[in-house]
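Enquirer: Sequence:
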Amino acid sequence: MRLLLVLGLCTLVASCGAWRGAERGLPAPVAAAPGSAVFSTSSGVQALNGFRADNGLGPLVVSPALEKAARAHARDMARRGFFDHSGSDGSTVMDRARRAGYSPCYIAENIARGQRSLAEVMDGWATSPGHRRNMLSANATEFGLVRGEGDIWVMVLGRAC
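In mature numbering (1 follows the signal peptide of the UniProt record, and there is no 0), the protein residues as written are -18 to -1, 1 to 143.
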């Protein structure tokens, strides 16, 4: 009986938190695969901007359009079973950003697959010269970061014209 009461209270508390987040317009965390950590946009902002601050750079802001482009590419790769910077239709990150309503003067993309946490993917990108260069670009002012199905991660960094 006590166990049922505890489970009921946990469910109530969890549903209240989700409702408040939706009411405030906050993005819901991505459901994680077993053994994976939950990812949210706010944790992505903290991780990227913390990394940039540690390297003497200012923060970036989240761009809904870049997030949309990143989400579309992650979904495309997951559904079609490939992993590449080129989309299944031959699109580039520039093409996908434009389709999402973004007019880039600067654009860059990081992709990763299989990392089960934000810390793991950020560590991987930080130690890869090309990915690191993208995250530390002084040309970027905005970004979008998503975690897709199958632990596919896409970060798009840009500066609008």
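Think of the hints as simulated: they come from the structure by calculation, not from any bench. Note that beta-carbon positions come from the ideal geometry of N, C-alpha and C, so glycine has one too. Heads up, a few of these hints could be off.
Label pairs and their calculated CB-CB ranges [unchecked claim]:
id : residue 1 : residue 2 : range
1  : 44        : 108       : 11 to 21 angstroms
2  : 35        : 64        : 29 to 39 angstroms
3  : 88        : 111       : 13 to 23 angstroms
Pairs of lysine to aspartate or glutamate residues, derived as EDC-like cross-links and limited to a Cα-Cα distance of at most 20 angstroms, are as follows [stated by the list, open to error]:
id : residue 1 : residue 2
4  : 50        : 66
5  : 50        : 77
6  : 50        : 131
7  : 50        : 71
8  : 50        : 124
Enquirer: Checking against the hints above, which ones are violated?
Expert: none
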